[in-house]
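There are 2 protein chains.
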Amino acid sequence: MCELLGMSANVPTDIRFSFAALARRGGETGPHADGWGISFYEGRGCRAFHEPEPSARSELAKLLRSAPIKSRIVIAHVRKANRGRVSLENTHPFSRELWGRRWTFAHNGQLRGVKKWPLTWFRPVGSTDSEYAFCWMMDQLQARWPKNPTKLPSASQLDVAVAELCAKLHGLGVFNMLLSDSRTLYAHCGKRLCYLTRRAPFGTATLVDEDWRVDFSRETTADDVVTVVATKALTRDECWTDVERGHVLSLRDGAVRILKPGARKAVAAGPCSAGAPA
Amino acid sequence: MCELLGMSANVPTDIRFSFAALARRGGETGPHADGWGISFYEGRGCRAFHEPEPSARSELAKLLRSAPIKSRIVIAHVRKANRGRVSLENTHPFSRELWGRRWTFAHNGQLRGVKKWPLTWFRPVGSTDSEYAFCWMMDQLQARWPKNPTKLPSASQLDVAVAELCAKLHGLGVFNMLLSDSRTLYAHCGKRLCYLTRRAPFGTATLVDEDWRVDFSRETTADDVVTVVATKALTRDECWTDVERGHVLSLRDGAVRILKPGARKAVAAGPCSAGAPA
Chain H
1 MCELLGMSAN VPTDIRFSFA ALARRGGETG PHADGWGISF YEGRGCRAFH
51 EPEPSARSEL AKLLRSAPIK SRIVIAHVRK ANRGRVSLEN THPFSRELWG
101 RRWTFAHNGQ LRGVKKWPLT WFRPVGSTDS EYAFCWMMDQ LQARWPKNPT
151 KLPSASQLDV AVAELCAKLH GLGVFNMLLS DSRTLYAHCG KRLCYLTRRA
201 PFGTATLVDE DWRVDFSRET TADDVVTVVA TKALTRDECW TDVERGHVLS
251 LRDGAVRILK PGARKAVAAG PCSAGAPA
Chain P
1001 MCELLGMSAN VPTDIRFSFA ALARRGGETG PHADGWGISF YEGRGCRAFH
1051 EPEPSARSEL AKLLRSAPIK SRIVIAHVRK ANRGRVSLEN THPFSRELWG
1101 RRWTFAHNGQ LRGVKKWPLT WFRPVGSTDS EYAFCWMMDQ LQARWPKNPT
1151 KLPSASQLDV AVAELCAKLH GLGVFNMLLS DSRTLYAHCG KRLCYLTRRA
1201 PFGTATLVDE DWRVDFSRET TADDVVTVVA TKALTRDECW TDVERGHVLS
1251 LRDGAVRILK PGARKAVAAG PCSAGAPA
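Protein chains in written order, with my numbering: chain H, 1 to 278; chain P, 1001 to 1278.
Among these hints, one or two may not hold up.
Below, a list of computed lysine-lysine pairs in the BS3-like style, where the Cα atoms sit at most 30 Å apart [said to hold, decoys possible]:
id, chain 1, residue 1, chain 2, residue 2
1, H, K70, P, K1062
2, P, K1147, H, K147
3, P, K1147, H, K116
4, P, K1260, P, K1116
5, H, K62, P, K1070
No wet-lab data here; the hints were simulated from the structure.
Computed from a prediction, not measured in an experiment: that's the story for all the values here.
With the rest of the complex left out, here is chain H (with noise of 0.2 Å):
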């Protein structure tokens, strides 16, 4: 298993305490030592680091931590190589262009017998099962809505058809999976999926894996809306919401709303029940 660690937010917002707790999960806190990556969109264009290494020791993820990029869509993962051997090609995130937009998916868990799904116009550069069934959404986003760029899909029809596309690999396996198209953030339950929203008021949080306590009220404006999704959860003294299985949420602007297996439309998320300082 790997972890996927997920941003979206309504002002261009710093990771950096998010990403620490799962850089030290990348072979220190946790055994996902086989490499990592992030990807920061900035607008329509991207920043990605990768390194087929253990992000826990890494002098470019140490830089990460120490500079700040500021985004509102970032996409996170670190290693533990199941499918697919250690290597550059075969480290999260991927990505594409379809529709002059970059794609960009990291997933954890496997997905048996996706290999032999058709694939026409995308390919795999890697040998992982991930690489394999993001082509295959591509490819069939691709087919949907083929070349006519005046003919795209509106946001609301693409959260249904990614959730469709989501439902048929999540019956091949464990699909956990983020993915974005540099607009909205997809998060895919398969198995472990956790989200949290920081809006104003603002409280602290203590990270799980690190002795770091931030006042987000010191960091943030009133209006900033921030949701954060995980594989568990990061900080210690929040109320991380447990997503369900086969459920997906769309993320805009930080706000979260809800797919359902089947449904025609997304809704908005509850508010956190447990009333803890998120």
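Based on these hints, arrange chain P on the given structure of chain H.
Below, chain P alone, put in the same frame as chain H:
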């Protein structure tokens, strides 16, 4: 105009010496302060770094100068924007997947009217004429060798096809370009490009842009062959060969082959005529 740097080698090779010169031209010894990027191939995979800020003042560029990433194919670029605003999505090198290979492209020059050429499968994410030209090249290659992985072009067929596409783009303006499919490094000279091959017996070299001297005989083994391609000579005491306008270099394992306009085959480049230490 921008500046290009490419490398092809038969063993994983440290590019820091050459990159140091290029990075300084990004806003210090040169005016190319509108972004920089570098891609290091590692087998089928690629580590890529992009910033829409001057490389001369970049913490990331500083890290890349201190940490040796060894690679057999490198493409780097510092940007002086003329078409397309300064932004991450307009920062070279650009990258796409075709035939399950990761392709990387960087360009300097301007191409009048290229955006009127039709595109089918590949679309630009940013607004540069450069990325558009890259998408057009990928489109043309995909159209010619569509999707049957058993019928992909041989390396020499691809040499000729790439040279033909370069010749067409050359007709639109200035097309100095580096391109790789993870196997071959292609370089087209539209107006200005030079190269240098280092092999045994290795000598010493001193950068043009800063007081850094390297004794390659201490950094290499007798079988190493390393070719560096650049807009302008990076060292002051080696024999750089100017590429003729309209010529394409095809570099594999450091060996240089040249395709003249209309050639049906690449021919091996002759030795450096000036007899300098390289």
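Structure-based check of each hint:
Using a Cα cut-off of 30 Å, the hinted pair K70 of chain H and K1062 of chain P holds, with the two alpha carbons roughly 20 Å apart. Distance restraint check for K1147 of chain P and K147 of chain H: the Cα-Cα separation of roughly 17 Å lies within the 30 Å cut-off, and the hinted pair is therefore satisfied. Between the alpha carbons of K1147 of chain P and K116 of chain H the distance comes to roughly 16 Å, so the proposed pair stays at or under 30 Å and holds. The suggested pairing of K1260 of chain P with K1116 of chain P holds, with an alpha-carbon distance near 27 Å, which does not exceed 30 Å.
Among the hinted pairs, K62 of chain H with K1070 of chain P is consistent with the structure: their alpha-carbon atoms are about 20 Å apart, no more than 30 Å.
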